[in-house]
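Spelled out, the chains give:
Protein chains: 2
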Amino acid sequence: MTPAYFDHNATTPVDDAVLEAILPYFKEAFGNASSRHAHGIIARRAIDKAREQVATAVGVQPAQVIFTSGGSEANNLFIRGTADNLKPANICISAIEHPCVLRPTQELARRTSERWVMQKLGVDNLGKVDVVAANDVMKQHKPDLVSVMLANNETGVIQDVATIAEIARSHKAWMHTDAVQGLGKIPLDFSALKVHAMTLSGHKIYGPKGAAALIVDKRLLLKPLIYGGGHENGMRSGTENVPAIVGFGVACELAKSRTEATAKHVSQLRDHLEAGLQAMDATIFGLGATRIPNTCYFALPDIEGDTLVVRLDKAGFAVASGAACSSVKPGQSHVLEAMGVNPMLARCAVRVSLGDSNTLSQVESFLEQTKRIVTELKGMNSVTM
Amino acid sequence: MTPAYFDHNATTPVDDAVLEAILPYFKEAFGNASSRHAHGIIARRAIDKAREQVATAVGVQPAQVIFTSGGSEANNLFIRGTADNLKPANICISAIEHPCVLRPTQELARRTSERWVMQKLGVDNLGKVDVVAANDVMKQHKPDLVSVMLANNETGVIQDVATIAEIARSHKAWMHTDAVQGLGKIPLDFSALKVHAMTLSGHKIYGPKGAAALIVDKRLLLKPLIYGGGHENGMRSGTENVPAIVGFGVACELAKSRTEATAKHVSQLRDHLEAGLQAMDATIFGLGATRIPNTCYFALPDIEGDTLVVRLDKAGFAVASGAACSSVKPGQSHVLEAMGVNPMLARCAVRVSLGDSNTLSQVESFLEQTKRIVTELKGMNSVTM
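Sequences listed follow chains A and B, in order. 1 is the number of the first residue of the first sequence in the numbering used here; add one for each residue after it. 1 is the number of the first residue of the second sequence in the numbering used here; add one for each residue after it.
The following block holds chain A by itself, in its conformation from the complex:
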């Protein structure tokens, strides 16, 4: 048995090079970047460098990077920060957004005053936003804000953000994409996606938790979520988390340089994994759609996802059941619901998300263990039934 971490869409271990880069900033170079003395200047320069690294990773200028504490904060900053600068109007988001886009949008639509109207852009049965339908919705409702994620965290399905952005722009809407699951997995370019804002996160790409960014078009008018000392050009106050930002910068540099090699490696593993799962009668969600190369979201008939996750954990494999990082609807994936997946099958959903360090032997071991567990569970069912 070769135990393995197969949950890289949830979080990743910090890369050795990243850890080495951040360590000096805890004790030796611990200054507050707002201080005017040498300690502060060293911290400020470290942040400047990281800002360049992040900007380079997605082809923007450093001044377009607003550092935040995480992807959730960055998504909330776009949704609420942009909305608070506009008269309440229509906001369109895809039906499969992460809760940190969905929920702030719902909150805008729930206000007692200055209430927004939310429309959801539906997906097809592969989990891809239906661009024709999206066009109709936007034509009818003329949104001021649109947010569609680049790659879904559960299915891995890549959305046609550039086309949706063009439609959004034709209605003079501000367009945002949550690209947290895209960075490091597929080539990423801010301009090519035609968005006004994009969310990136460090801990999904072998960087530390605690640093992320909202990348913005300079014309975007934004109000901060956090007011105070005026950090991040007034858009995000608070003492900068220097080590996390430094690590995020290095992780972006590594992600950019490794995207191609990683994609090749993990897609081979995934093909092998999915062939094995299909031989066990698994349904692979999003199969046939263009997906990020590391993600396999599957269901084995009559094997509850939560149960399989726990059993696999005991066998040394870390995987996620449907919508693991959400408590919106415990036990139910809003993504699979939007795809029209039968609720009985949706309960069986399990996500494997591969990473650089995973091996073919781990995948083979995973398939063996899954087969064993399934046999055991089916045996138990037949005994108890």
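You may find that some hints are simply not true.
The list cannot tell twin chains apart, which means a pair is met if one copy fits it or any two copies do.
Straight-line alpha carbon distances no greater than 30 Å define the calculated DSS-like cross-link-like pairs of lysine-lysine that follow [said to hold, decoys possible]: (1) 194 / 27; (2) 223 / 120; (3) 49 / 378; (4) 194 / 256; (5) 139 / 223; (6) 314 / 27; (7) 371 / 49; (8) 49 / 314; (9) 378 / 139; (10) 49 / 120; (11) 27 / 264; (12) 120 / 142; (13) 27 / 223; (14) 139 / 27.
Simulated from the structure, these hints should not be mistaken for laboratory data.
Use these hints to put chain B onto chain A, whose structure you have.
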């Protein structure tokens, strides 16, 4: 010459024991605390332990701790989060609050709809909130929200939060204190201060940047700033920054155990420092008021603060000039303004904030260097004049 870091109110180096505690959470125990597998469970337990440590440090239950990414976020969470659950009314804050309390309050008062009315509670010439005047203001304006910091970051002056809280409560207001500069410097007890909410921060007490908390009375109704997966009991969504939270927990434990010894040590150093500065005709702001024991805020006549900070930095001493971590009014301290300090003298303000590792020899060296720099600067002035 013995160079020294004298800017502990801005930030502190991470303690060795804290660094040791957080290191495993970057690579080995890197899990997402929301994951249901072993990696996630280890991360969740680490957060639970840190929550207990933070709670214990201020005498509350773990469930009263809401982790945030920093003190600025925690202060914004109280101001905006509580206001958004109330009908717009009056909010009172002291005239010497940190910008991360002042600015979100100004923003409430600037809204196009649901606008709040802000009143400032003035301070006397020592920088202490005038309780009699505060009583009059609250009697007249009947606030729903009140925020008064425990210890001012510039002067170190400790406020009579408990008495102000009693007045606030008599008007049925929700009372908050920013206790970021109090923790680890003076004994701290949530109940004794009679507040409904209190802000703490890790990086001011030898913990890492990126973790802080809003401590809340369970009856306080709050709306989150960051919506999403429902972390922190729904009050602060986003993948938890496990290493930073772990470090914050350990730092709280250390701060509590060391408060008395640290206070004794740094107050001796400060007495020596202030005697030396007074011999150089310095004004010590807040002298005579009860202050946190590590802070000395002084002005040497005709020596501009910014200039002295730069010169001292070259000599190896890290100190801050007035309002270093704010860009509200560059070059001018709103704290000294509120105290009625002559603007010419306020321009000369320099803050020394001492810490555990500072020594008497560093203080003596600092006094020598300051004397030398002052002599040089006065010489230059007389030449150019």
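Is it within a copy, between copies, both, or neither that the alpha carbon of residue 139 lies no farther than 30 Å from that of residue 27? Answer is neither; intra-copy 55 Å and inter-copy 48 Å both fail.
Using 30 Å as the alpha carbon limit, work out where residue 194 and residue 256 are close: within a copy, between copies, both or neither. within (20 Å within a copy, 52 Å between copies)
Is the C-alpha distance from residue 27 to residue 223 at most 30 Å within one copy, between copies, in both cases, or in neither? neither (34 Å within a copy, 36 Å between copies)
State whether the alpha carbon distance between residue 371 and residue 49 is at most 30 Å within one copy, between copies, both, or neither. Close neither inside one copy (48 Å) nor across copies (37 Å); limit 30 Å.
Which holds for residue 314 with residue 27 at a C-alpha limit of 30 Å: within a copy, between copies, both or neither? between (38 Å within a copy, 21 Å between copies)
Intra- versus inter-subunit Cα pairing at 30 Å for residue 120 with residue 142: within (13 Å within a copy, 43 Å between copies)
Within, between, both or neither: how does the pair residue 49, residue 314 come out at a Cα-Cα threshold of 30 Å? Answer is between: at 24 Å across copies they meet the 30 Å cutoff, but 42 Å inside does not.
Since the copies are identical, ignore which copy is meant and state whether residue 194 and residue 27 lie within 30 Å (CA to CA) inside a copy, between copies, both or neither. Neither, since 41 Å and 36 Å both go past 30 Å.
Residue 378 and residue 139: within-copy, between-copy, both or neither at 30 Å Cα: neither (50 Å within a copy, 71 Å between copies)
Status of residue 223 relative to residue 139 across identical chains (alpha carbons, at most 30 Å): within (27 Å within a copy, 34 Å between copies)
Have a look at residue 49 and residue 378 and pick one of within, between, both or neither, based on CA distance no larger than 30 Å. For residue 49 and residue 378, neither the intra-copy (55 Å) nor the inter-copy (39 Å) Cα distance is at most 30 Å.
Within, between, both or neither: how does the pair residue 223, residue 120 come out at a Cα-Cα threshold of 30 Å? Close inside one copy (24 Å) and across copies (24 Å); limit 30 Å.
Hint check: violations occur at hints 1, 3, 7, 9, 10, 13 and 14; the rest are consistent with the structure.
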